[in-house]
Every structure is written in structure tokens, then in C-alpha cells.
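Student: One-letter residues, chain by chain:
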Amino acid sequence: MTTLFANARLIDPQEGTDKPGWLTTKNGRITGMGYDTPPKAETTIDCRGKCLAPGIVDIGVKVCEPGERHKESFRTAGLAAAAGGVTTMVTRPDTLPVIDSPETLEFATRRAAAVSPVRIAPMAALTKGRQGREMVEVGFLKDAGAVAFSDCDHVVTDNKVFARCLTYARSLGALVMCHPQDPTLSAGAAATAGKFSTLRGLPAASPMAERIGLERDLALVEMTRARYHADNLSSAVSLPALERAKKAGLDVTAGVNIHHLTLNELDVGDYKTFFKLKPPLRSEDDRSAMVQALASGLIDIISSMHTPQDEESKRLPFEEAASGAVALETLLPAAMRLYHSGDVDLPTLFRAMTLNPADRLGLPQGRLKKGAPADLVLFDPDAPFILDRADLQSKSKNTPFDGARMQGRVLATYVAGDRVFAHSA
Amino acid sequence: MTFRQKHLLGIEQLAPDEITALLDLADKYVDLNRQDHKHSDVLAGRTQINMFFENSTRTQASFEIAGKRLGADVMSMAMQASSIKKGETLIDTALTLNAMHPDLLVVRHPHSGAVDLLAQKVNCAVLNAGDGRHEHPTQALLDALTIRRAKGRLHRLTIAICGDIAHSRVARSNLILLGKMENRVRLIGPPTLMPSQIAEFGVEVYDDMREGLENADVVMMLRLQRERMDGGFIPSEREYYHRYGLDEEKLSFAKPDAIVMHPGPMNRGVEIDGTLADDINRSVIQEQVEMGVAVRMAAMDLLAQNLDAARAQKHAGIMV
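Chains as they are written, first to last, in the working numbering: chain A, 1 to 425; chain B, 1001 to 1320.
You can trust all of the hints, since none of them are fake.
Coverage of chain B stretches by chain A, computed from C-beta distances (three or more under 8 Å per stretch; other residues unrestricted):
(1) 1114-1126
(2) 1129-1143
(3) 1194-1201
The hints are simulated quantities; they were obtained by calculation from the structure and are not laboratory data.
Remember, predicted model here, so these are calculated numbers, not experimental data.
The C-beta atom is built at its ideal place from N, Cα and C for all residues, glycine as well.
Here chain B stands alone, though its shape is the one from the complex (with noise of 0.2 Å):
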């Protein structure tokens, strides 16, 4: 079994080999959601729930389609409206649906490392759907196999990840991710939404974006999460879109056959044209989707098969 994980905490865990065993069933997944009847099996009989600590349609949705897909029983629960507005700690909530026999758990959560830490509490195999500005490994998946099915491989490439950097949980494990199968990876941003020495991580940082997209294969956009701002780190809206949002004019600095990506949801007019943004011919946004359903299958097919595993020698050790 190439897949050796327990839980999906992040990118930071996966070796290369991992990766492209993900891909490559996740490529599999592609090709059955595809068909007129998409539906497999391999879940059966075991109980997915989604916990959701944060607000999310997309990738709520996307977990729960997959996990419909493959047969299994999918519970998803708004955190924010039960138990930890009762005062309820994390754990607790843990414990409490671990009583459940669930098998598959998906989080996703405010703060950073909150999903490791319900990880060492459960024993089920545990899926980071987001954790604060920590990481977001089903997307950086998603994006990494968007981007071998349009450019033909997932390394030797170069690619420009633009916008809040300091603030995004996407770009943290896209920049691992696609760190970790040699490519070249360049974050364009305004100093004030880059973290702290981030050019030690194996990438190059720019602030002027055309000099940054000069030569990309891959332009990979980030939203602007002003949510998540304490205020300040950016003067308007306006001169951001002017100085960092992506239009047809930043983007002829870039290779010709460059794609285009968001994680969407996009704010139009801030950090990308809209109409660069529905152009089938550079934009891959609407693959992105596509490809989450199919990468979260495999992602919990895979887990689930090492969760059987596990059980098994568990099991075999309660017999000696």
C-alpha cells in the first residue's frame, strides 16, 4: 500500500509517492463521476460526518457529494449553530461523536492545529477540510491534480500563487505540495499579506506581479479573505485590484498557454476579471470543482482502506 496515513492532517505529512497514488485514483474517481451513474460501493456501511467549525458551502458540499458517491452514510453538522456555542470544548464534541462509531471524520475549523489535536482524540480516520491559516490539503490536492491533468505533469513547473499569502491556508499547502514534486513556486503579494520569512520555505517572493507571473505555466489566485483581517494590511480594494488583480494585461506576462486558478469563491473585480475568470481557454476554475469531489473520493477511499487495516491488527492483537 502506497498510502500509509491514518488521518489527512496535511501536505506537510505526504511523501511524493503519496501524493501521486492520491492522483492517481482521484483520476479514477474523475472518469466515474463522469459516467450517467456514478455510483460506487466502497463506503458502504460506513458513517461519514462532516463537522464543520467554520462556514463553507463548497467544500461542505464537495465532501458530501463524495462521500454519497462511494456508498457512505454522510452526516454533515453546522458547528457554529450546536454544542460549542453550549460552551462545549472541541474534545468534548470529539468524544462525544467518537461514541458514534463514525469512520470517517472531516473538520474543519478557526483555529490552527485544532484538527491534529481532535485527531489524537478519535479514533476514525480524520480529514482536515481546513484548520486557521494552518492547512488545507484536499484543496492543494485538488489543485495539484487539476494541474497534471491540464499540463500533462506535476513537476518542473512554474507557479505564481498570488494574493493573501499570510492568511491563506491554501497557499500553505499548495507551496508544499507542489514543493515537494520539484516545481518552482512563486508567491506575489503585498509584504503585508506575506508571513514571516516565507522565502525560507523554497520560493520565490515577488511584489511586483509582473515581474512574478513572467513565464508561468500555472497562475493560481487567492482571495482576498477580508474577513480574516484585523484591518489595514492593504490600503483599498481599488489599488489592490490594480496593483495584484489578475487581468488580461498582468497575465500576458505568463507563458501563452498559462491557466488560470481560484479556490474560489472569487471576488470579481478584487482580485481576478471577471471576465478572465469565465474564459474557457485560460480558466480552469470550474475543473477545481470538479476535481474536489473526485480527489476527496479517493482521499477517503484510501483512508478508509488503512482504517480496515488498522482495525484488523488491532483486532489480531486483542486474539494473541
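Pulled out of the complex, with its shape left as it was, chain A reads as follows (with noise of 0.2 Å):
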């Protein structure tokens, strides 16, 4: 049965437009687009000229299952992401127990199939137990469907097991990714070290932290030529040398979570712990210096770094306070933020949260195109709100985007042409 998508404002990330069109879908795959007169269907959706754009593939998601279901389960975060655009949830392995194995994966593989109404693709992590000594099974978990390797915030320090890790993962053509950072040069830091620390007596760490990672992380992919994501960068000093390996010709990628591109430090006001993420929020001049990497195509990819806490973790003094914000369902209109400021277009912005993460953990899905997945999202790019918390779907609430006033909204999200979300006006 063939569902036409009538009256759409088409945001294609793969060719840079964002103009009127139409879209056909047929058994959970595109099977048309145009720009003309649209052609018969048996079911017809009048988009009423919002945006239509591929469903999200949100890198870096922490489900909290196994281990910590009273903050997030698949299912609880399956709803999130439906109402937030996001179609594809990249998991994170952070969990407990860490999803290191073969088994481990497959259990959130089969708990995401059974009740999460959007797709999962899980990562691994690169060593086990994230304890940066020994590798994972690369290559049955890849088999498994890892797409991705990475021990998330911890670093594996020893530049050995790293560049076995590297060597043995591009023997396979696995990604890894890492959240880059000199742990000794960031440990007990509670924010980013300049005025506004010093001002609230906050122990902080510079940027340059992250920057020594990053070089660090650089070295060993050109000694090893692997493939690299590197995720989570926030900070000015960082650029620099993810510009140099790409036009070094390394198969290099660079990510942002959606807080360093729409919030600063000076968000964290009195003491906010809401606002608390890893790495901390930066400067104005490093928030400003992301979106334009964003905008230039430096970065590539946008994804939300979705980490529910619990209330009891949140409410402690702020440099014992827990890290991390949900964010699956404020991605896309915090997103819309750089939009309406006039900083990056929207087919800039769905690239970085749709086709690019997409084509580098090599998924179909994340593109308008004839044979892709029908994952869609229907939004209002201008409809305003005012977020309250007690609305998410997400089990725990820590979003710092709590009584903000937002500029867009999901109207409908679709998941291999099933509508998994509907907003109730």
C-alpha cells in the first residue's frame, strides 16, 4: 500500500535542499519524491507545508538497560525518541554490566526489538569493561551488530592497548569512537576553568584537556590508519587539529552533542546541576567556535549524548552531583535554536543528525532516496512552547532545557513507514 506524503516541505540533508515536494512510501520503504505534481496514492497525508526530513540517528544514546532501568528502559526511551524526531538510536555500552560481549549485546538487541518503537543500533565497547587493558571480541560483536566500539568517557590511557585496540578494529573495518580527554589533566573537575569557575569556587579543568586527547587519539589513527569518530568535542582548541587530520586524509569524523552547540557555562547559573554535563559546558567563544565548525562541515555529526539521571543523583551539591542531561527528546527543537539564529540551514543541521552518522556506521537509513528505510520525521520548524520537564517521555527528567522556551516541534514521527508518534495539539 502506497502512502503518499502530500503538501511537505522536503529537507533533503543528501542534496542540500529545503523546498515543497512530495514523498511516496510503500512496505516501510521511500519509494518516490518529487517536486511536481504528486502522484496517486491509497493513503495520503497532507503534511500542511511543515518539514519533512529523514528520522534522526541519534549517536551516543545511554538506555540505562541493562543495569538501571529505574532511570531509563528501552522501552521508556524508545517513546523519547519517537516523540523527538529520532528513528535510529545509536546505544551507548556505558551500562551495567557493559555491553563487552557477544551476549551482553544481544541482550539489548532483543529487549530494543521487543518494545522500543524505533530502531536501535548498539555499540560496544572498545576494551573490556571500558578498563582500557584488554580488547573486546571485535569481530563477534561486530557480527552481532556493533557498529561502533567505544568506552565512551573513559579513556584508554595506555597508548599500547589504544593502538592494539586501533590496529586490530581497522583489520575489520570497525569504527571506534572515543570521547577525547587527558584524564589526568581533567580529573575532579566540576566545569571549565576560566572566570565563571573562579567565580563560583567550582574545581575546574582547561579545554585544553580535550585538545591533548585529541591529539593524542590523532597520532595513533595515523600511526594505525583506523577509522575514528571522535565524539563529544566541545571546545575551540580542539578544531585545530581535527582540521589537520582530515586534510591529512585520515578517515576522521568529528561529533557534538547538541548542549555545546546551544548552551554555555554561564547557563549553569547558581549552581544548576541540571546543567552538569561531561565534558562541562564551555565558554561562549567555544560554543560560538562549535557552530561554526558545525556550519562548515568540521563537525560532522549532532547527536543528543542522551544521559538519564535520576533525581537523588541531581540533587547534591554540584561537584558531587551525576553527569548528563536527557536530551532525545529537546535535540530537535534545541537544534531549530541554530536555525532561527541564522547560523546553520536546516539541510546543514539534518545532515549532521541524519545522513552523516548514518553513512559512517554504514546504516541505509538517514536519507530521502528511492530504497531507504521510510524513517521520517514531521516537524514545525516555528511552533513555540514552553518545555516543562513533567512532559517527557524519558523515565528520568534532568533535561537543562526545563522551563526554556523552544522554537519547534515533532508533529509526527515515522518508523519504516509506521507512525510511532503523533503530537496531541
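Combine the two chains into a complex, taking the hints into account.
Tutor: Right under this line is the structure:
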């Protein structure tokens, strides 16, 4: 049965276009699109001139299952994703236990298939237990469906171990993803070193810690020729190193999370722990540098870095409070801030949230193209609302955007042509 | 009412006229404290709870005496030894105490911002007795009162703060207060003990002590807080004393009538020469302790008055 999305404003990240058109789907796939008179179809969905884009492929979602289901489960994360226009959650392995064996990976895949309305593409740890000592069974895990290998915020500090992981991963074509950081320089830090951290008396680290970590990683990538993704970059000082590596032809991509594009350290205000992130929020100069890098294509991917935390772990003095924020549902409206500010156009934003992550992970979704999965998001980029964290689908409500004025709302989300979310006005 | 605060969380929130009002009242309490009969009833019937999550002898004693002189019922709790060890969170501890209807809560905590957090959860007046490396407002106020009494004014003075600025909440509160009152503030110390971008606070930063002390009216020494250090900020105590320890020779660069201050407890021979600390012509270290009691009496008196006003408003609201 063919479904026609008529009267849509198509955001095509591949072509870089944003113009009125139509799109048809059948049996879970996109069957056609165009900008002329639409064909006849059994079902027609009138998009009323709103934006239709590929569903978001979100790299680095923490689901908290197994281990901490009181914070988030595959079901609630899936509902949150659907509500946020995220049709593929690329899940992080930093759960309890760590996803570092084919067995634990299969558990996650099975649970997700049973209860999540959106797709998942699981990542696995790079080293056993994320301890940085022994590499995981990269081959078995890849066969079991791991799309990338990452120890997340744990840095493999032993260069020999990390070099071997990269070399071995390269032989299998596996993607290694890291959050670059020099953990000795940033140890104990809860804020970015600067006037604000000094005023608030918070232990802080220089953003140079990120650049040192990145330079180390890139040197080893040059040595091993591995496929590498530097995720969660946040500082201007990291960008020249990244640019050099890309110019040198290394197989390197980079990501930034939505909070480092839309918030800065001053948002922490009077020790608001919902703004405690890892890496910590940076200066406004860093934020605008990241936005520029995104617009220029130096930064390839935007992610939510969805990290649920329960109330107890946030109701603590800032230094003791847990880091991270839920963001599956706020990723798209927050990204619209960059569109409304005139910094980044919609096709560029969506390229960083759909096509680029999908390409990097070798996934067929994330594009408006005949034959691609019919994973779509219909949204109104202008619809204003005030975010109330109680309305979130996530089990945890730790969003820095609570009470914030947002502009841009998801109207409907489709996975394989099936509607998994519809906004009730 | 000039003093408009509900809590005393930091100097950052105070306006210059509020600082002046508090110091004026503290001056009166200095007089009271010097009499044989040092008792007042302005806090009679009030309950004051001192919660110290970090070791303190001097500050805790000062707050305790201040409360008792004003007639409050004072209870001091050493929090390291109690529920915190049983895993209770700060907020639960606060709520438990809040249910006992205290009027004044004096809190010291090792983490910056912890006192702010606590103040959001209770309905009494909260006084910050030091939080992490953030603020220690009553220390800055007692220092200000000491300077004002010694120098006859609290503006257009050159004040050098010397030592471990990075780990010091005393330094932060002082530089904010002295800046608000329009003084020239100099910070002296090794760069490893200077906080990030400190020069942006409108202060002058020196790593040479003699240059920094040139023509200073006030020399404020800080304790070298060894217990706060991760290690490796300075090569050795003796090199630190050689370069940054205050002695007669270095002090000679300051004005001849410059006063020497120290928040205590002192490390004699590490940051300050013992003889100099005891020199009654230069050192006002004992006066600082005396002013501490008076300033804390004034702060609690003012906050209790504001608490009354707030509660009266609340009752009026319910009546309507």
C-alpha cells in the first residue's frame, strides 16, 4: 500500500535542499519523491507545508538497560526517541554490566526489538569492562551487530593498548569512537577553567585537556590508519587538530552534542546541576566556534548524548552531582535554535543528525532516497512552546531545558513507514 | 530597611549599602562585647543551628558565642560524625532540621554551592560559614570591619591579598567585597595557586611579593591550605616561605602604617613570621577574631528581622 506525504517541505540532507514537494512510501521504504505534481496513492497524508526530513540517527544514547532501569528502559527511551523524531538510537555500551560481549549485546538488541518503537543500532565497548586493558571480541561483536566500538567517557590511557585496539579494529573495518580527553588534566573537574568557575569556586579544567586527548588519538590513528570518530568535542582549541587530520586524509569524523551547541557555562547559574555535563559546558567563544565548525562541515555529527540521571543523583552539591542530561526529545527543538539564529540551515542541521551518522555507521537510513527505509520526521520548525520536564517521555527528567522557550516541534514520527508518534495538539 | 537579604550566602549578592549597614550595626556589637555584661535579647526565643560538614573550631565558636550573646538557643552539630556517615543526603539532613523549626541555620560545607542548595530547601535564614572554595561572607565582613576601624575608611585603600588564592574562599569573598567598596585589590602568589582568569575580576595579579606589596595599606595573608591540595602546587614549604612568607623585610615595601591580617589558623614560619604576627603595632589578627563575633551578631540580628518581616507577610497573605 502506497502512502503519499503531500504538500511537504522536504528537507533533503543529501542534496542540501529545502523546498516544497512530495514523498511516497510503500512496505516500509521510500518509493519516490519529487517537487512536481504528486502521484495518486491509497493513503495521503497532508503535511500542510510542514517540514518532512529523514528520522534522526542519534549516536550515543544511553538507555540504562541493563543495570539501571529505574533511570531509563528501552521502552521509555524508545518512546522519548519517537517523540523527539529520533528513529534510530545508536546506544552506548556504558551500562551495568558493560556491553562488551556478544551475549550482552544480543540482550540489548532483543530487549529493544521487543519494546522500543524505534530502531536501535548498538555500540559495544572497545575494551573489556571499559577498563582500558584488554580489547573486546571485536569480530564477534561486529557480527552480532555492533556498529561502533567505544569506551565512552573512559579514556584508554595506555597508548600501547589503544594502538593495538585501533590496529585490530582496522583489520575488521570497525569504527572506533572516543570522547577525547586527557584524564590526568581534567581529573576532578566539574567546570571549565575560567572566570565563571573561579567565581563559583568550582574545581575546573582547561579545555586544553580535550585537545591533548584528541591529538594523542589522532597521532595513533595516523599510525594505525584506523576508522575513528571523535565524539563529544566541545572546545575551540580542538578544532585545528581536527582540521589537520582531515586534510591529511585520515579516516576521521567528529561529533558534538547538542548542549555544547546551544548552552554555555553561564547557564549553570547558581549551581544548577541539570547543567552539569561531561565534558562541562564551555565558554561562549567555544560554543560559537563549535557552531561555526558544524556549519562549515568540520564537525560532521550532532548527537543528543542522552544521559538519564535520577533525581537523587542530581539533588546534590554541584561537585558531587552526576553529569549528563536527557536529550532525545529536546534534540530537534534545541537544534532549531541554530536554524532560527541564522547560523545553520535546515539541510545542514539534518545532514549532521541523519545522513552523516548513518553513513559513518554504514546504515541505509538517514536519507530521502528511493529504496531507503521510510524513517521520517514531520515537524514544524516554528511552533513555539515552553518545555515542561514533567511532559517528557523519558523516565528521567534531567533536562537543562526545563522551563525554556523552544521553537520547533515534532508533529509525527515514522519508522519503516509506520507512525510511531503523533503530537496531540 | 537597608539590609534586604533573606540569607547570607555570599558577598556577591550584597549591595554596598547593605555591607555598610551591617558593619555599622557590628560596630555597636563591638561596644556591647567589650562590656562586662555582654548580653542582649534580640534573638531570645530563636533557635540557631550550626551545621559544620567540615572541621572548624574558630568559626564555629564565633557563631556559637554570637548567637548566645544575643540570647538565641544555639545548637552545634558536627556533621562529619553524624547522619552524613549513614548516607543521608544533604537535602534530607536539611529537611530533617527544618522540621524542627530553626530560625537561623549556619552551614559550612566542603563543596562549593552546597549552602545555596540547602537554602533553597528550608524556610529559615541560612548563613554561609564557608562553602568549598566559593565564599566565606562573614570572614570578608569581619575583615572589612577590622580594616574600617584600623584605617578609618573602607574605600580607596590598596589591599594586598597574598598566598593560596586558588583554594581560598576567604580570598574570593574578600576581593568581591573590597572591589564593591571601591578599593584597589592586589593578589600575590605563585601562579599555580592563582585561580583561572582571576585578572578579569578587576584585580592586579603579582607573582613577586615585593612588587605586590609596594605602598599597600593592608596586607592580608592567607593560610597555605595544605590539606586542600592535590599535591605539587609548590616545590616546598621553605621555598614558599622564602618567596611568599611575610617577614619584616618584605613588609617594608608596604606603607609604614600598613596593617597585617590573617584569617587564621596561622602556619607560623610557612606564610608568616611568628614575631611579626605577634607585633601589636602591625598585626590586627586578634582584632579580626574580636570583629568576627560582632559581625556575626549583626548578620544574625539583621537576618532575623527580615525573617520576621517575611513571615508576617506570609501570614497576612493567608489571612486575605
